[in-house]
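Colleague: The residues making up each chain are set out below.
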Amino acid sequence: MGKRVAKEVSIAVADAVAQCRVDVISAYPITPQTHIVEHLAELVNNGELDAEYIPVESEHAAMSACIGAAAAGARTFTSTSSQGLLFMYENLPIASAFRLPIVMVIANRSISAPISIWNDHSDVMTTRDFGWIQTFAENGQEAVDLVYHAYRVAEKCLLPVAVNLDGFIVTHVVEPIEMLDQELVDKYLPPLKMKYKLDPKKPITMGAIGVPEIYTEAKKALDEAVKASYKMVVQAWKEFEKISGRRYQPVETYRMEDAEVAMVIMGSLAETACNAVDELRAKGKKVGLIRFRLWRPFPMQDFLKAIGRVKALCVVDRAVSHASTGGPVGIEVRSALYQSNKRPRVVNFIAGLSGRDVTKDDFIELFERTFEAISKKPKFSYEIYGVKE
Amino acid sequence: MRPELAKFKPLSIKDLPKEDWIAPGHRACQGCGTVLPLKLALKVLGPNTIAVSATGCMEIISSPFPYTSWKVPWIHVAFENAASVASGIDAAIKALKRKGKLPKKEKINIVVFAGDGATFDIGLQFVSGALERGHNFIYICLDNEAYMNTGVQRSGGTPKFAHTTTSPAGKVIHGNITWKKNLDGIVIAHNIPYFATASPAFYMDYMNKVKKASLVEGPAFIHVYSPCPTGWGSKSEDTILISRLVVETRLFPLFEVIDGKYYILNRKVDKPKPVEEYLKLQRRYRHLTKEEIELIQQKANEEYERLVKLCEVFAPPKEGTKEETKET
Ligand SMILES: Cc1ncc(C[n+]2csc(CCOP(=O)(O)OP(=O)(O)O)c2C)c(N)n1
Ligand code: SF4
Ligand SMILES: [Mg+2]
Chain A
73 MGKRVAKEVS IAVADAVAQC RVDVISAYPI TPQTHIVEHL AELVNNGELD AEYIPVESEH
133 AAMSACIGAA AAGARTFTST SSQGLLFMYE NLPIASAFRL PIVMVIANRS ISAPISIWND
193 HSDVMTTRDF GWIQTFAENG QEAVDLVYHA YRVAEKCLLP VAVNLDGFIV THVVEPIEML
253 DQELVDKYLP PLKMKYKLDP KKPITMGAIG VPEIYTEAKK ALDEAVKASY KMVVQAWKEF
313 EKISGRRYQP VETYRMEDAE VAMVIMGSLA ETACNAVDEL RAKGKKVGLI RFRLWRPFPM
373 QDFLKAIGRV KALCVVDRAV SHASTGGPVG IEVRSALYQS NKRPRVVNFI AGLSGRDVTK
433 DDFIELFERT FEAISKKPKF SYEIYGVKE
Chain B
597 MRPELAKFKP LSIKDLPKED WIAPGHRACQ GCGTVLPLKL ALKVLGPNTI AVSATGCMEI
657 ISSPFPYTSW KVPWIHVAFE NAASVASGID AAIKALKRKG KLPKKEKINI VVFAGDGATF
717 DIGLQFVSGA LERGHNFIYI CLDNEAYMNT GVQRSGGTPK FAHTTTSPAG KVIHGNITWK
777 KNLDGIVIAH NIPYFATASP AFYMDYMNKV KKASLVEGPA FIHVYSPCPT GWGSKSEDTI
837 LISRLVVETR LFPLFEVIDG KYYILNRKVD KPKPVEEYLK LQRRYRHLTK EEIELIQQKA
897 NEEYERLVKL CEVFAPPKEG TKEETKET
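Line order of the protein sequences matches chains A and B.
For the first sequence, the numbering used here gives the first residue as 73, with consecutive numbering after it.
For the second sequence, the numbering used here gives the first residue as 597, with consecutive numbering after it.
Just so you know, these hints were derived from the structure itself, not from any lab.
Predicted, not measured: the structure shown is a model, and the values here were computed from it.
Treat the hints with caution; some may be incorrect.
Which stretches of chain B does chain A cover? Using the computed rule of at least three CB atoms under 8 Å from a CB of chain A, they are [as the list claims (entries may be wrong)]:
#1 688-695
#2 877-891
Cut-off 20 Å, straight-line C-alpha distance, at most; resulting in silico cross-link-like pairs (DMTMM-like, lysine to aspartate or glutamate) [unchecked claim]:
#3 A:LYS269 - B:GLU702
#4 B:LYS693 - A:ASP271
#5 B:LYS756 - B:GLU844
#6 A:LYS273 - B:GLU844
#7 B:LYS697 - A:ASP271
#8 B:LYS701 - A:ASP271
#9 A:LYS274 - B:GLU615
#10 A:LYS448 - A:GLU437
#11 B:LYS690 - A:GLU311
#12 B:LYS667 - A:ASP271
#13 A:LYS310 - A:GLU255
#14 B:LYS700 - A:GLU313
#15 B:LYS690 - A:ASP122
#16 B:LYS695 - A:ASP258
#17 B:LYS695 - A:GLU120
#18 B:LYS693 - A:ASP122
#19 B:LYS697 - A:ASP258
#20 A:LYS273 - B:GLU702
#21 A:LYS273 - B:ASP616
#22 B:LYS697 - A:GLU313
#23 B:LYS693 - A:GLU313
#24 B:LYS777 - B:GLU899
#25 B:LYS690 - A:GLU120
#26 A:LYS274 - B:ASP616
#27 A:LYS460 - A:GLU437
#28 B:LYS700 - A:ASP271
#29 B:LYS695 - A:ASP271
#30 A:LYS228 - A:GLU311
#31 A:LYS75 - A:GLU313
#32 A:LYS274 - B:GLU702
#33 B:LYS690 - B:GLU813
#34 B:LYS639 - A:ASP271
#35 B:LYS703 - A:ASP271
#36 B:LYS695 - A:GLU255
#37 B:LYS886 - B:GLU872
#38 B:LYS695 - A:GLU313
For each residue, glycine too, the CB sits at the ideal point set by N, CA and C.
From just these sequences and the hints, can you work out the full model?
Modeller: Next comes the structure, spelled out in structure tokens:
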């Protein structure tokens, strides 16, 4: 087992990428992703990582080059945030439709305007329908472990994976982190062998036109592949547990035993929310917390199981879906419930936009308002919380 | 001068294989002068080639699933980013060779085929990035002077006064109001190992340029004049005639630039044909007034003379590297 060493999370994430022996890195700088790609450049230029580093002129090119490189059989990496993710947008559904095992770390950040470098989930949420596997880390250790996991899953399923970490709140924090020993990484992650790639010995055509007679079938095939990836995602976490002793599941629960009200959340805010749960529990309130670690494929069964018999769910979103029925997570959760027989009240708050602090007391307030909602149906389908009047 | 170019022995027609790497039966229009240079390039490059297409006519006509015209590995990602896709392939090949996952000695050509729209306009940044980073690839811009795939809209490569559907020959505004963008100048300014212009009428000249492009280490760019009878309102059987006239009127001179510093004029046009002879074969120019034709004539001479001067001042150092081609 490796030792726990204090490291900035971005540096640790880059080190994990290097341990995965990537062949091609193609990236463009944007705050708060920069430390990740800078450290990779350092590793390459110091001869510590044998990879081609393409300092592309834009994020669109970064993803385009990853697509080209992966199609030619290379293990690839890129990372971005916010405007950068939006700029590479066009390529994202192409990467998944081509079934390319690209791994991208998204240092989550709000999107313009107003331009803001701080954290929320509004960047990645615009890409949730594209057939990428998407995971969310709560802290640095998890971020690192999700990187190893991402390559394992991507290459088994032939799908791209986006690992999400909260910008600054996770990326820029120094944490004690245990890296896997290189030997274990190599065991976990055998060399990439692509069955179909751009190879003059076995020519294939990639990116043909989809006439109406086949387009639907192509989309269905991808949809099946993304759904089927669920098994591999779980399996890869089980394999990971064996080598690291660290256990991961698609949906994490905290003090849900007999909970009446559960908070549903993603990313690093969960840590503060857990403190609120503890405080309320100490006062005898039956509250718990559910965190999505896996967001795509949506872990429907895990979620329905996790909510147990709660009377109400307090869904905290970190992105706005303007004038819709909720935040992205709220919409998803309501839709999932509708397909089951469970009917807890769903109260959907949008909080922590652009790095706005959500404190333990805020979470306690959100819990309290959700308790009230059990007997009195709220008038809103979602509320942007904490707006200064 | 680069040794691989200084020592270059031109191919003759006898050196060319019978085989084509783009299959017949594709869906290009009759007399398409855009698919022709694409096919000829592959003839020279051969099977050890990975081709990247930008979205556009050539991508559409060659890949209606479940059919494909491509006998070499081929990838099409999007409209503007073919140069970046090629960058990724280049990086992959380099990394995989270094790690022993691909045979080290095997040469694999990477060739991009992209239209004028994909190159002059929406993809310019991507082209610039890939050239500046020095990837080992060949970029062939098939310039048919408009967005043909979407129905003949104007691009930065559209010549002045040409009628397109977004620069129509109206009563007040007579077609495209701008001169063709000087893409060559932009590309040359990247000081890449090899740059050339070409026209399918001078097919041996063109194919030799493709060969040279494949020999240099680093980026090579060939700007090929590519007639489109459908978009230009020209006769299918005039494609080659038009591609010859464009050179003989000085409108599209054939030249090469090595490392951004040595200029070589491949075909001197001392007695140019009047541009009118060229313009009158294409309906996109039928609305032109005498004065407008005169303006085009002046511009052609001006630009040509400027190029001749560049070729005199910046000739390659050694004599004996005559790259003139003799075709009929
Ligand atoms: C981002 C984006 N914008 C617009 C289009 C629509 N589009 C597809 S091909 C094309 C024109 C292609 O023109 P050109 O590059 O000159 O190639 P040609 O078809 O003329 O050979 C356009 C506008 C697209 N596919 N993607
Ligand atoms: S529209 Fe023009 S470029 Fe396109 S296939 Fe037809 S002739 Fe060729
Ligand atoms: Mg065109």
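Colleague: If you draw a straight line from the CA of A:LYS273 to the CA of B:ASP616, is it 20 Å or shorter?
Modeller: This hinted pair holds, its Cα atoms lying about 16 Å apart.
Colleague: Between B:LYS693 and A:ASP271, does the CA-CA distance stay at or below 20 Å?
Modeller: Roughly 13 Å separates the two Cα atoms, so the pair holds.
Colleague: Just to be careful, I want the Cα atoms of B:LYS695 and A:GLU255 compared with a cutoff of 20 Å; is the pair within it?
Modeller: Holds: B:LYS695 and A:GLU255 sit about 18 Å apart, inside 20 Å.
Colleague: Would the pair A:LYS274 and B:ASP616 pass a check requiring their Cα atoms to be no farther apart than 20 Å?
Modeller: holds (17 Å)
Colleague: Keeping to a limit of 20 Å between CA atoms, is the pair of A:LYS310 and A:GLU255 held or broken?
Modeller: holds (18 Å)
Colleague: Holds or violated: are the alpha carbons of B:LYS639 and A:ASP271 at most 20 Å from each other?
Modeller: This hinted pair holds, its Cα atoms lying about 18 Å apart.
Colleague: Keeping to a limit of 20 Å between CA atoms, is the pair of B:LYS690 and A:GLU311 held or broken?
Modeller: violated (32 Å)
Colleague: Holds or violated: are the alpha carbons of B:LYS697 and A:GLU313 at most 20 Å from each other?
Modeller: violated (30 Å)
Colleague: Counting residues of the region 877-891 of chain B with a beta carbon closer than 8 Å to any beta carbon of chain A, are there 3 or more?
Modeller: Our answer is that it is violated, as 0 residues pass the Cβ test (under 8 Å) against chain A, missing three.
Colleague: Has the given pair, B:LYS700 with A:GLU313, been kept, meaning a C-alpha gap of at most 20 Å?
Modeller: violated (38 Å)
Colleague: Is B:LYS701 within 20 Å of A:ASP271, Cα to Cα?
Modeller: holds (15 Å)
Colleague: What's the verdict on B:LYS697 and A:ASP271, does the C-alpha distance respect the 20 Å limit or exceed it?
Modeller: holds (12 Å)
The structure fails hints 2, 6, 11, 14, 22, 23 and 38 (numbered hints given earlier, in ascending order).
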